[in-house]
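Here are the chains, one letter per residue:
There are 2 protein chains.
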Amino acid sequence: MNLLLLTEGDFTAPGKVRLTDRRHEQLYKILKAQPGKVCKAGIFNGKVGSAAVEEICREYSVLSVQTENPPPPPSDVILTAALPRPQTFDKVIRCGVEMGVKEFHFFMSRKVEKSYWQSPVLEKSHIDHEIMLGLEQCGDTIPPRVHFHRLFKPFVEDALPEIICGGAAYVGHPAAPAPLPTAVPGKVTLIIGPEGGFTDYEVELLAANGVTPVTLGSRTLRTEHAVPALLAILKPPSLR
Amino acid sequence: MNLLLLTEGDFTAPGKVRLTDRRHEQLYKILKAQPGKVCKAGIFNGKVGSAAVEEICREYSVLSVQTENPPPPPSDVILTAALPRPQTFDKVIRCGVEMGVKEFHFFMSRKVEKSYWQSPVLEKSHIDHEIMLGLEQCGDTIPPRVHFHRLFKPFVEDALPEIICGGAAYVGHPAAPAPLPTAVPGKVTLIIGPEGGFTDYEVELLAANGVTPVTLGSRTLRTEHAVPALLAILKPPSLR
Chain Y
-1 MNLLLLTEGD
9 FTAPGKVRLT
19 DRRHEQLYKI
29 LKAQPGKVCK
39 AGIFNGKVGS
49 AAVEEICREY
59 SVLSVQTENP
69 PPPPSDVILT
79 AALPRPQTFD
89 KVIRCGVEMG
99 VKEFHFFMSR
109 KVEKSYWQSP
119 VLEKSHIDHE
129 IMLGLEQCGD
139 TIPPRVHFHR
149 LFKPFVEDAL
159 PEIICGGAAY
169 VGHPAAPAPL
179 PTAVPGKVTL
189 IIGPEGGFTD
199 YEVELLAANG
209 VTPVTLGSRT
219 LRTEHAVPAL
229 LAILKPPSLR
Chain W
-1 MNLLLLTEGD
9 FTAPGKVRLT
19 DRRHEQLYKI
29 LKAQPGKVCK
39 AGIFNGKVGS
49 AAVEEICREY
59 SVLSVQTENP
69 PPPPSDVILT
79 AALPRPQTFD
89 KVIRCGVEMG
99 VKEFHFFMSR
109 KVEKSYWQSP
119 VLEKSHIDHE
129 IMLGLEQCGD
139 TIPPRVHFHR
149 LFKPFVEDAL
159 PEIICGGAAY
169 VGHPAAPAPL
179 PTAVPGKVTL
189 IIGPEGGFTD
199 YEVELLAANG
209 VTPVTLGSRT
219 LRTEHAVPAL
229 LAILKPPSLR
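Chains as they are written, first to last, in the numbering used here: chain Y, -1 to 238; chain W, -1 to 238.
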């Protein structure tokens, strides 16, 4: 937890919070915080600043909070992915949130197992929790929107052109002639395939709807490694 | 398993292997391979090509193997990291191997918990297994060398200058004036800090021994996301 993420409901008075949940446990047990301890804090969907511990005991913590700075700038990459297996789904959300993605789209594709759509990791409460952990890690306060599309063709033909609108869009494809470009300014939509890859038909449909196929190198990475690698190539620190 | 990774001991005759272990289980149970099925194959520390199933039953598989192509080119990034917590250590190895790293160095640092050095994940047999899984994922056959350094100062002053020699070296530091550069040609040494970051003393000692501090952006990423992101920034597909 690099940021103590607070919501309206935590405040007992202006600038004063009382915590009893996981965040209190973290302060009390892991950080062994004492009165006077100052940590980074932020308001969910709001500004960031600091919180100072005023009282702390086994049951609760009371902190005074000051937030006046904007959260880190968002990424302008839209991350769209064929729905990954449940444990990978969590990793994609966590990594994307840490790297500032504010819009996720998950969609069906030929090589996505139908059972993935029944997984409890897709429940809103679970996703919200993963988002909170990601925001706490990277010091951000602004949650992303997460969308699901259960049919490939309507997603690509109807939804995707609007999602892409105004920026470039890339999909990895081993046979593509050019590599994924580095440091692309402005809005970019990145499309991640399923574990077994897209079918030729799927790549053609994507290409016909505004997506440029690109090569990602000669190695096949696991989705949880491909996502941070590709997000970083599109938006390296030198661009920001 | 994108590559069936074979060793000398698997061969019963030239070009013929018989498998009964995890790889056989994968062929039989997961891939439900039938005679005639062809998959990518490679010889550990050698060439890549293909293997065709000749016989397969519950107990064993027999395949004919042809390997004539070189494995994918290695990365010329040397990955050095403050020893991460055990579960993260595995992820760093897996990701580095997938992205072609052939030299790892793990070292002690002020904010590394001493208990991490007692973890069974550091046993050679465990590391070798993780390396095999990484090679199978990315289609490579060449294992990396993995080194450990239990004292920070001797590592930085004595070992590191030799490791770095002939290339650039970078360490992430929030106060650094310049960002990590993109697409650095040739040999590069990347230095990853511990979860709590390096101390000022540690960054100064690194800088005094040939390492350039660079900023990595305004977000603090988990180590398992920072590693693929930084490796990709240094060596994007457009460089290769």
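Source of the hints: derived by calculation from the structure; they are not laboratory data. Possibly wrong hints are sitting among the right ones.
Identical copies carry no separate label here, and so any pair may be met within one copy or between two of them.
[As the list claims (entries may be wrong)] Below, computed lysine to any residue pairings styled on SDA-like, alpha-carbon distance capped at 20 angstroms:
| # | residue 1 | residue 2 |
| --- | --- | --- |
| 1 | K30 | E160 |
| 2 | K45 | V119 |
| 3 | K27 | K109 |
| 4 | K45 | Y199 |
| 5 | K27 | Y199 |
| 6 | K38 | H103 |
| 7 | K185 | P70 |
| 8 | K112 | L29 |
| 9 | K151 | M130 |
| 10 | K27 | C163 |
| 11 | K38 | D88 |
| 12 | K38 | L237 |
| 13 | K27 | T210 |
| 14 | K100 | C55 |
Right, here's what the structure says about each hint:
For the homomeric pair K30 and E160, neither the shortest alpha-carbon distance inside one copy (49 angstroms) nor that between copies (40 angstroms) is at most 20 angstroms. Neither within a single protomer nor between protomers do K45 and V119 lie at most 20 angstroms apart by alpha-carbon distance, with minima of 29 angstroms and 40 angstroms respectively. Proximity of K27 to K109 under the C-alpha cut-off of 20 angstroms is restricted to the inter-copy arrangement: shortest distance 18 angstroms between copies versus 44 angstroms within a copy. For the homomeric pair K45 and Y199, neither the shortest alpha-carbon distance inside one copy (45 angstroms) nor that between copies (32 angstroms) is at most 20 angstroms.
When the C-alpha separation of K27 and Y199 is checked against a cutoff of 20 angstroms, the pair qualifies neither within a copy, at 54 angstroms, nor between copies, at 28 angstroms. When the C-alpha separation of K38 and H103 is checked against a cutoff of 20 angstroms, the pair qualifies neither within a copy, at 30 angstroms, nor between copies, at 32 angstroms. Within a single copy, K185 and P70 get their C-alpha atoms as close as 17 angstroms, which meets the 20 angstroms cut-off; across copies the closest is 32 angstroms, which misses it. In the homo-oligomer, the alpha carbons of K112 and L29 lie at most 20 angstroms apart only across protomers (18 angstroms), although the nearest pairing inside one protomer, at 42 angstroms, exceeds that limit.
With identical chains, the CA atoms of K151 and M130 are never at most 20 angstroms apart, being 32 angstroms at best within one copy and 38 angstroms at best between copies. Taking CA atoms no more than 20 angstroms apart as the test, K27 paired with C163 passes in neither setting, with 48 angstroms inside one copy and 44 angstroms between copies. With identical chains, the CA atoms of K38 and D88 are never at most 20 angstroms apart, being 25 angstroms at best within one copy and 29 angstroms at best between copies. With identical chains, the CA atoms of K38 and L237 are never at most 20 angstroms apart, being 26 angstroms at best within one copy and 38 angstroms at best between copies.
Taking the closest pair of Cα atoms, K27 and T210 never come within 20 angstroms of each other, the shortest separation being 50 angstroms inside a single copy and 36 angstroms across copies. Taking the closest pair of Cα atoms, K100 and C55 never come within 20 angstroms of each other, the shortest separation being 37 angstroms inside a single copy and 49 angstroms across copies.
Comparing the model with each earlier hint shows violations of hints 1, 2, 4, 5, 6, 9, 10, 11, 12, 13, 14; every other hint is respected.
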